[in-house]
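**Student:** The residues making up each chain are set out below.
There are 2 protein chains.
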Amino acid sequence: MSYSYVSHLECPKCQAVLEVTEVQQLCACGSPLLVRYDLEKVKEHVSKESIGRRPTSLWRYHELLPVSAKENIVTLGEGWTPLEKMPQLGKHYQLSNLYIKDEGIIPTGSFKTRGASVGISKAKELGVKQLAMPTNGNAGAAWALYAAKANIKATIVMPVDAPAITRKEVFISGGDLHLVDGLISDAGKIVGKLVADKGVYDASTLKEPYRIEGKKTMGYEIVEQFGWNVPDVILYPTGGGVGIIGIYKALKEMQELGWISDNKLPRLVAVQAEGCSPIVEAWKNGETESAFFENSETCAFGINVPKALGDFLVLESLYHTNGCAIAVSETELLTAQKLVAELEGNFICPEGAATFAAAEKLRKEGWIKEEEVVVCLNTGAGIKYPETVELANIPTLQPGEFIER
Amino acid sequence: MSYSYVSHLECPKCQAVLEVTEVQQLCACGSPLLVRYDLEKVKEHVSKESIGRRPTSLWRYHELLPVSAKENIVTLGEGWTPLEKMPQLGKHYQLSNLYIKDEGIIPTGSFKTRGASVGISKAKELGVKQLAMPTNGNAGAAWALYAAKANIKATIVMPVDAPAITRKEVFISGGDLHLVDGLISDAGKIVGKLVADKGVYDASTLKEPYRIEGKKTMGYEIVEQFGWNVPDVILYPTGGGVGIIGIYKALKEMQELGWISDNKLPRLVAVQAEGCSPIVEAWKNGETESAFFENSETCAFGINVPKALGDFLVLESLYHTNGCAIAVSETELLTAQKLVAELEGNFICPEGAATFAAAEKLRKEGWIKEEEVVVCLNTGAGIKYPETVELANIPTLQPGEFIER
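Note that the protein sequences, when read in sequence, are chains A and F.
My numbering applies: residue 1 is where the first sequence begins, and numbers increase by one.
My numbering applies: residue 1001 is where the second sequence begins, and numbers increase by one.
A portion of the hints provided could be inaccurate.
[What the hints assert, rightly or not] Covered by chain F, per the in silico footprint, the following chain A stretches (three or more residues, Cβ under 8 angstroms):
#1 3-17
#2 41-50
#3 106-120
#4 167-179
#5 228-234
#6 319-329
[Claimed, not checked] Straight-line Cα separation of at most 25 angstroms, DMTMM-like style, residue types lysine to aspartate or glutamate; simulated pairs:
#7 F:Lys1153 to A:Glu84
#8 A:Lys193 to F:Glu1404
#9 F:Lys1198 to A:Glu84
#10 A:Lys129 to F:Glu1071
#11 F:Lys1307 to A:Glu19
#12 A:Lys198 to F:Glu1071
#13 A:Lys91 to F:Glu1404
#14 A:Lys153 to F:Glu1071
Simulated from the structure, these hints should not be mistaken for lab results.
Positions of the beta carbon are idealized from the N, C-alpha and C atoms, including for glycine.
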């Protein structure tokens, strides 16, 4: 019985095979690397039933995660986030089986935590002492906090316009925070230079292979929470796309393990903002890669990614599952954010709200049927984005005054 | 087999007995009411083992909660928050078994959610259509969001100085938000007038009996997460004191159920800020009630409560468990907040940070021994209090500039 059945790293572009026992970044061909497991051994030693009796953290799937020794796990109690039915919003949208997978209910308040917990744990196992990453905010916050716990120095570079709270998270963890008066691509260049000059570990999106593994646990959890059944549709807000790549990878692993049927996968939907929709453009044209989206802009900061390194993997997951890509406007996503709070009590982030706006549109178009089981993935807590809520007409009373009716 | 074995309401001051099937507020004698259960029937029908196989929400203890019909449950997936060991901070404090119970990892990002979920569910069961409450922020946010889900109109009155994010939470839920240019006591008077004039349900702290029941689930969870064993010490940031009253109530229920030993209870510690420490003053003098604390002030806004309605219940829990009350300074709690993030990766709220500062002091005084199992209760996520973190010396680069080493 091994703690992990991790086997090797594989390049999805050139099929190169690399060791997991050494620090690896991108493949020599420039592609991100994927982690492979000895799934036959997992089948032999692990059952769905045994997982069901384990503690409710993402580490319940440890045989399918890349960390070999339990003592290297860096955890704050992340994972097993709520999957809740939304009857009132469902009625409004004419979707009788609408669910939220709420990734706001996790340490650091965003789904980035999954990648950070697994990525930092593996970095610790590999003996990494210093890392660097560019970020639109939430990933940097999560990686800085987990790095602090692992005694790894974290250099985090984020745009001055990134959500202000994430800056505080990096700072309080003792992270080496730098701001850049530009975009995440400018931050990326600063990190690139540091990596090239100083040999620092590059924790940029998909430039280390383990973040995907953390994100894939969302796929395992959704399926386990439905009693090891797959829903019909999963909608995912897509920036860098690591989450959708991870969920797709989890589904394929579960098929190989015989944990879910070979006959049906959920249709995966990549949701983007109209102001930054490179994947939607590529999908419409049947392309296998996306083009750089010029002058991108959206209040859903986490999905403002004009060209994702893993775009080809995102598109593959859409084509292979008969999914689609769809863009929503700023008004549509902010309307959905308000409606979710008013009808269901969840204060979600604008990225998550985009998936609800998309579900409504796809239902109206008939692409989603009324009875289908639909999961909208909310990637973070609304409390991390107070600036998306504009107060209006709030009465202020003086002591001694009363509410008039 | 009943969903709940709730029996009646009891006044802890005058022993009056009241019905749970009707709306109740305070006892006629002015005391808060406590919910009682038919614990003999619970003993007969529920085992610790059966609870262990249930979904991980606070509703796993439904027989010991006041809601009679499952369909009245209003849930966002709250409870079963992480209980994690803190080895590095423990080493620093010379506490070899230091734990955090992290209530930041819950819908709305604060422990107030537990009271809101149970309180709103019971209000729904009782047919309440409108409620009102004064709040220092987090409770109002939680109650407004759960009320929205339950189709109950919520009038929330909070000081203009309450944490800004909580205002947004009430607003987005469609809550009837009012600010007051004063203190929570001024907000209380406004709510009191509305209740008196319009017969609105009064959801103020301890003025409805069910919030305690939500909070008590923290006690059940801590014990269950330790394998149905009690820790030696639980430190709790004490404002209104509902949490510590609830945890104490849970411990006594578990003793009656035979789920924990009769011989040992954890020593409960009420932690306050030096700027608002009425319970500490009362405890030092062996009093059974506290006096109003004049000119109170602390950055830990949630524990700025100069006179708690349930002070006598808080003090009873301290005396009965051989616990204590202790005050920490603003510097001590902010130092602890930073240290927790740097050493353990948790970004906690200032109220939660106060409990770590208190643990350090009590260890130094010898009141806590090195090997004792100590639980610090963090009542909320640090991301709800960005203003407590002051940034300093953050370099800002222009695109094309690089980090110099």
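**Student:** Take the hints in turn and mark each one as holding or not.
**Tutor:** Against the structure, the hints:
1. With 0 residues carrying a beta carbon less than 8 angstroms from a beta carbon of chain F, the segment 3-17 of chain A misses the three-residue requirement, and the given coverage is violated.
2. With 0 residues having a Cβ less than 8 angstroms from any Cβ of chain F, the segment 41-50 of chain A misses the three-residue criterion, and the hint is violated.
3. Under the rule that three or more residues need a Cβ within less than 8 angstroms of chain F, the assignment of the segment 106-120 of chain A holds, with 4 such residues.
4. For the segment 167-179 of chain A, the stated coverage by chain F is satisfied: 10 residues place a CB nearer than 8 angstroms to a CB of that chain, which reaches the threshold of 3.
5. Remark: the segment 228-234 of chain A is not confirmed as covered by chain F, as 0 of its residues place a Cβ nearer than 8 angstroms to a Cβ of that chain, below the required three.
6. Counting residues of the segment 319-329 of chain A whose beta carbon lies closer than 8 angstroms to any beta carbon of chain F gives 0, which falls below the threshold of three, so the coverage claim is violated.
7. Note on Lys1153 (chain F) and Glu84 (chain A): the hinted pairing holds, with a Cα-Cα distance of about 23 angstroms set against a maximum of 25 angstroms.
8. With a C-alpha separation of about 10 angstroms, the suggested pairing of Lys193 (chain A) with Glu1404 (chain F) holds against the 25 angstroms cut-off.
9. For the proposed pair Lys1198 (chain F) and Glu84 (chain A), the alpha carbon gap of about 35 angstroms is over 25 angstroms, so the pair is violated.
10. Distance check on the hinted pair: Lys129 (chain A) and Glu1071 (chain F) sit about 52 angstroms apart at the alpha-carbon level, beyond 25 angstroms; violated.
11. At most 25 angstroms may separate the alpha-carbon atoms for a hinted pair to count; Lys1307 (chain F) and Glu19 (chain A) exceed this at roughly 63 angstroms.
12. As the CA atoms of Lys198 (chain A) and Glu1071 (chain F) are separated by approximately 59 angstroms, the hinted pair breaks the 25 angstroms bound.
13. About 57 angstroms separates the Cα atoms of Lys91 (chain A) and Glu1404 (chain F), which puts this hinted pair outside 25 angstroms; it is violated.
14. Proximity of Lys153 (chain A) to Glu1071 (chain F) is assessed by CA-CA distance (about 49 angstroms); at most 25 angstroms being required, the pair is judged violated.
Hint check: violations occur at hints 1, 2, 5, 6, 9, 10, 11, 12, 13 and 14; the rest are consistent with the structure.
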